[in-house]
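J.: Residue strings, one per chain:
4 protein chains.
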Amino acid sequence: MKKVQLNPVGWMSQLSQVEVSRLQDATNSELFAMFRNCCLAVLNSGVDEDNFEALFAPYENFEIKLIRRERGVKIELVNPPEVAFVDEKLVRGVHEHLFAVLRDLLYMGNKYAFLHQTAPAEGNDITDMVFDMLRHAKALEGNDGVNTIVCWGGHSINQVEYKYTKEVGYQLGLRDMNICTGCGPGAMKGPMKGATIGHAKQRHKTGRYIGISEPSIIAAEPPNAIVNELIIMPDIEKRLEAFVRLGHGIIVFPGGVGTAEELLYLLGILMNERNAQQPFPFILTGPAGSEEYFEAIDAFVGATLGPEAQAKYQIIVNDPEEVARTMSKQLEKVKKFRGAMGDAFSFNWSLKIEQDFQQPFIPTHESMAALQLHSDQSKSDLAANLRKAFSGIVAGNVKAEGIAQIKKHGPFELTGDSALMEKVDTLLESFVKQHRMKLPGSAYEPCYVVKNS
Amino acid sequence: MKKVQLNPVGWMSQLSQVEVSRLQDATNSELFAMFRNCCLAVLNSGVDEDNFEALFAPYENFEIKLIRRERGVKIELVNPPEVAFVDEKLVRGVHEHLFAVLRDLLYMGNKYAFLHQTAPAEGNDITDMVFDMLRHAKALEGNDGVNTIVCWGGHSINQVEYKYTKEVGYQLGLRDMNICTGCGPGAMKGPMKGATIGHAKQRHKTGRYIGISEPSIIAAEPPNAIVNELIIMPDIEKRLEAFVRLGHGIIVFPGGVGTAEELLYLLGILMNERNAQQPFPFILTGPAGSEEYFEAIDAFVGATLGPEAQAKYQIIVNDPEEVARTMSKQLEKVKKFRGAMGDAFSFNWSLKIEQDFQQPFIPTHESMAALQLHSDQSKSDLAANLRKAFSGIVAGNVKAEGIAQIKKHGPFELTGDSALMEKVDTLLESFVKQHRMKLPGSAYEPCYVVKNS
Amino acid sequence: MKKVQLNPVGWMSQLSQVEVSRLQDATNSELFAMFRNCCLAVLNSGVDEDNFEALFAPYENFEIKLIRRERGVKIELVNPPEVAFVDEKLVRGVHEHLFAVLRDLLYMGNKYAFLHQTAPAEGNDITDMVFDMLRHAKALEGNDGVNTIVCWGGHSINQVEYKYTKEVGYQLGLRDMNICTGCGPGAMKGPMKGATIGHAKQRHKTGRYIGISEPSIIAAEPPNAIVNELIIMPDIEKRLEAFVRLGHGIIVFPGGVGTAEELLYLLGILMNERNAQQPFPFILTGPAGSEEYFEAIDAFVGATLGPEAQAKYQIIVNDPEEVARTMSKQLEKVKKFRGAMGDAFSFNWSLKIEQDFQQPFIPTHESMAALQLHSDQSKSDLAANLRKAFSGIVAGNVKAEGIAQIKKHGPFELTGDSALMEKVDTLLESFVKQHRMKLPGSAYEPCYVVKNS
Amino acid sequence: MKKVQLNPVGWMSQLSQVEVSRLQDATNSELFAMFRNCCLAVLNSGVDEDNFEALFAPYENFEIKLIRRERGVKIELVNPPEVAFVDEKLVRGVHEHLFAVLRDLLYMGNKYAFLHQTAPAEGNDITDMVFDMLRHAKALEGNDGVNTIVCWGGHSINQVEYKYTKEVGYQLGLRDMNICTGCGPGAMKGPMKGATIGHAKQRHKTGRYIGISEPSIIAAEPPNAIVNELIIMPDIEKRLEAFVRLGHGIIVFPGGVGTAEELLYLLGILMNERNAQQPFPFILTGPAGSEEYFEAIDAFVGATLGPEAQAKYQIIVNDPEEVARTMSKQLEKVKKFRGAMGDAFSFNWSLKIEQDFQQPFIPTHESMAALQLHSDQSKSDLAANLRKAFSGIVAGNVKAEGIAQIKKHGPFELTGDSALMEKVDTLLESFVKQHRMKLPGSAYEPCYVVKNS
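Chains as they are written, first to last, in our numbering: chain A, 1 to 453; chain B, 454 to 906; chain C, 907 to 1359; chain D, 1360 to 1812.
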């Protein structure tokens, strides 16, 4: 039995004894199982595998323990994956990531009582919590440059698309922009990899490659090798809020349902009238050959949310330099706006996010069936409901709990008015046809059926 | 009417909107008046005056305001003292200190509800609060070197003594030790001043000159010009705990009742059996000509607490090099002990401090009269009670509230068994005789009478 | 006509007026034409093209000027390649490289009178010059870690080999080793690229990617995008000396004649009896499928220089981790040896290099024909002569001057005893057969004929 | 016999073997005796004594050796003064200073062949040498802020004057200005000491306290404890040139003949027509009570060099804040001028210094007698000659060689036209009367007689 003890780093190296006690109290909680799994995912950083069962299977006898010292807490790994070690020493980046998981899941989890209690009632409090988590992660320091670009897109894109995300990242890096993504492979890794080369050429030595994950997704998308700041938000909604308040602009690459979910989330927020003045750089881009994806998305948005939604983003095909140049110019407007508003450069306080976008949506057969999927509501509400529908499908595809539900009860049923449902159906089928639902090599079995009401 | 707005620095530059709201809510509280006064004291940094009325009189129309921005909080000064400005710009050190006051008094004050609520019930919690405040002040970072020396002593010592404290500081600085004192002039400034020269010669570029104050004393002892880290603990007891847990060794220079209070506090703790193993460097020192002071103190300690108390400290007369060398050697033992105990280098968790030493003692005519001043109790309890008696006298001498009480009700009455009270009387008279009760130039009127029970 | 002026950086930002005058005096020299060409190569950094004529053709109207200011010297670029700019701003890395060229070619060129005078007579002086150039380039600072690995190998290797060099670089980077290569694509880029990922994972923030070039080769092998320190040595021999004195270990990947030249150079030195005690990590490695290359080399070394030469290196096939682990262990011996010898960690003074290895060999039809290629000499001399022969072939293959000579006079003729010449012939043919003589896509026309004497 | 070996630091830690050989060759030279004495002075840093014989007497058995290692050079001290050590370890600042002496005296001495050869013929070359020495000392890096203030004044000023120089330094430090002086006590230490407090309050962490000395003066004025950069120029004239080209403004405090020499040097240069456009902040200042000094100087300047000379400086009495404020404003003009001229911020290339001010003046009875001290010459020439006369008197007062000459041949004789000589006489007598010729406590015996021609 191999055992490795790790000294705390970062924020976790300065804990009070009461805080350490509380961490230890969490050892038997449900949260701790999640903690163990996230750590296991982190220890598998860089391994390309999105089937969490396949990933975790070899490590059934992996354990993680918290060891109390007068001076604070240590982590003990029992039978950890060999891949995280170099000549018997844990890779330093992985070491840091493990304590990021401890910080975000257990320490902040204790502070905000994730899971055990209902979520804080007021939206204001949720934004504060998001801020507080980013602050503890030291993600706000050094975010004053108005140059953090969030990149969304699929984790299982093809080689041409992957290469394209690298080129876009390279062009962003050449312009001193930092990259923030969702942590995994594919479109979440490519821009980071490209940016490292751009940063190197520009001698930009403090390049940031921020990965924002959440407990239910990290197993499927462990942080890639480039991520040098890992943050784990407690649920999807807070993760999405972290993206849009921390980032200064957003680029969407081809992806699957998850990417569509993110896009609908952002559209729903930007269509809020109180955000009408917000300059928010928002670019959809992909290589020649991937037009189909954006056409399908754009058609869907146009048909469901209308041209005012389409006006929120810009589609650029096959031109990485143009993407970076456009982003660069629009960031100037963001800077001006923040200055004029008295808003922080490092955190977008002034962006209004309604509670419906903040409250966790927990996909079950009931909650999915209950979604209001009809055109007879405000565009912002419609965006919110579509976002939830797609969120549920992501869960059914890759998340442990979602998959378990599908196994037990069969596919989720989505119902709504027939015109709308047809558009949803068309979009989802286009994803399946473009092989955007799974890592290459496996056939996709849909976790949902679309019904007309 | 002159107005100056200040942007936040340090921890205070990253506040959430809820936190800012809470700060603003404090604007009308009693705490805010204290905040205003502490800021005024900080703005008078470096001015030699221990009469807070004389210090504050010219600034009746001084106001301080908190201004809310989307991005956080700003401080606005109305009619601030000119002395804090250079060519119309606020001195950067003062700027930092003001936000330290905001952090410790209002931000931490909100967190721990100072004043408004009763103090936390358990000793453990108090230690955690002390730790948390030092952590927020970033005082623990960089305190791993086991080289922070706390210097106690009077603020109104004579020139020979002052020069001696500089020489000791110089020798400490030459040995790469940092200085932590109570913030004001005299023995609190000299060691810092000397250490800057020692540090300069040794190219020790990160010299720390930590001042730990508390709201009721800061007006009388504003931070001297050298202090580069200011921390304001909510009350005397937490301030004393901060000294002994943050510092790695303690030097006591000649002083008055306040110094005697500090010395009794430390003796009381070190005499606790559970601290018997703790190596705790503790040196009393002064120049030739000040022997009388230490003789009086040592005689008093011997007569009241006995030789086991005397064994806790070492008296070195007129030999700055020997002081520094001795300290240096003993720090090695501290380092070993912390390592062996698994204790932190930056914070002495393993030192046991009983609740009686942690709970605030609020000196009133009643509480002073009620003190158990007789030999018929454990040495540690006796030390605790004597400490409180001296604490009350300090309040009656220099603190606003204490002085007001004395004005209204006459001197505090101390009662106890006659043998003990005689020793107390002798010690206090020796202080008066040595002119250690007030800044030079004014005659001392005792704020207490000693009665035999 | 586009003009861009550049302010000096690094060492070149602090020149005296006399030094600036001397730089300007060089404007009309032959050296200046070389300076222009090197700058042009640097401006094409990252472009994959090893035919200097194809590379330079589009830039006939490119000019470079030195502009004198009271404060120092500026560079003016006229009609520079667009590829070096991002949104009209020169890439900072390229900016730095241009001043590295100015420093090494003109400033140091003036100091040591490159080209204009005969080379310094004594070997000692040459070593001093090499040291001085590395010192000016600030390459010695930060080289104390005994972790700089020189990687040699071809610039036109195949994809499998390229990927392998990246993997080796990755494993070296994971072990905190820095990379030094000859500056171009292929085996000179792969290890650097891999190391950046290894360094990122280990949070090794000061990763060094040193490129050492020389004027006649830089056009064919412009610095790749990763190089963050560029050094241009005046000739091949000083470049080779810089490699072996700056680096702490050497890895040889598959390559062509140039790689064979480097290998023979190092073998010749290590076989010197005065270097018998020197631990010098020296590993030949390549992926599965490239064994043929090492077999040919090893057979040639065995047949010509004997088993004592073969004992100087270790061949590891298809095991990047083993390469890095072996290197890591051997570096410990280097560290011990340097310590024991009182030698510098940053520069290998104690390695003995005979004058025959230091004096420039200028390949002409005469000098090539005059080479002593027979077995009837010491092994070290034989290695030196073989090295020269291969050096000439490199010139005939890729260097402007060499190619011009071949065009004019036909192939170089190599003569020697038939047994030896046969072995040379076999080796060279194996290179041709393995397509190691040119970038893929062009057929190789030999620039030499082998004759038996 | 106590021996201490020191590893090289700074520039001296990277020497080539040829450079080390040359250093060792210097071991038997006359320069080496000077090197030994400068080192002894440095080892006595902070000791208040301006009689070099008294200073050196206890250390007759002190020796210094250079030890050659493969990797470079070490210094060995034999029987060094105890005062430079703390607990058997050499103070780091002193350690650095010793290698500064080695660098400037032996390394640069070898490079420029000080003493052994005649000085370089052309003025241009001298300026280049001054630049080169400052560059090697890394004094130019970090001098771009146009905020280095040179302070001249006596080393034996009274307590009121000393305190005043501290206050001026404090006000300069509060305005982020750095201090450069001649290295010793008195007016050379006060401004540095004051500035450290000003810098501390403004959190100016890179405060520079540059001491520029020369071999014949360093024994009498060893670097004070604050100096953190020591530079030793080969002779007085190069030291003066270093002051005026490195500094951005000059403040003159009360002093003696040496101070008068410096003042005349600067006036002579500023009166050069080619410097007419140069803004050069030049302030004479002292406390109330020292007016007499400036009146005497100002009267002398007015009477000899005329009102155009008086217009070059500004006299401010007893107002440290006004001094600093004035300096601060004038530095803005310097910044603009340098920008407009294309001159460096870190070194004043554009200031014209005639050869007569650059060539070493070696005071002997002959050269002193030969000085042209009459009004019948240009003002600039007159200033140059008066400067030399005063330079000779400084030598006769405090320099070893000068004192020896006076002992042997009696006082220097100065001759010139009677009107001028009377003014000289008056000025010098006023210095004697004000006790500005020697450290307090000793009577002054003039080393000169003034004769009318």
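To be clear, the hints were calculated from the coordinates, so they are not data collected in a lab.
Where is the CB? At the ideal position from N, CA and C, for every residue including glycine.
A couple of the hints might just be wrong.
As the list claims (entries may be wrong) - Per label pair, the in silico range of CB-to-CB distance:
| id | chain 1 | residue 1 | chain 2 | residue 2 | range |
| --- | --- | --- | --- | --- | --- |
| 1 | B | Asn481 | A | Gln24 | 40 to 48 Å |
| 2 | B | Lys782 | D | Gly1698 | 36 to 44 Å |
| 3 | B | Thr659 | A | Lys138 | 56 to 64 Å |
| 4 | D | Arg1428 | A | Lys138 | 41 to 49 Å |
J.: What are the numbers of the hints the structure violates, in ascending order?
T.: The structure conflicts with hints 2, 3, although it agrees with all the remaining ones.
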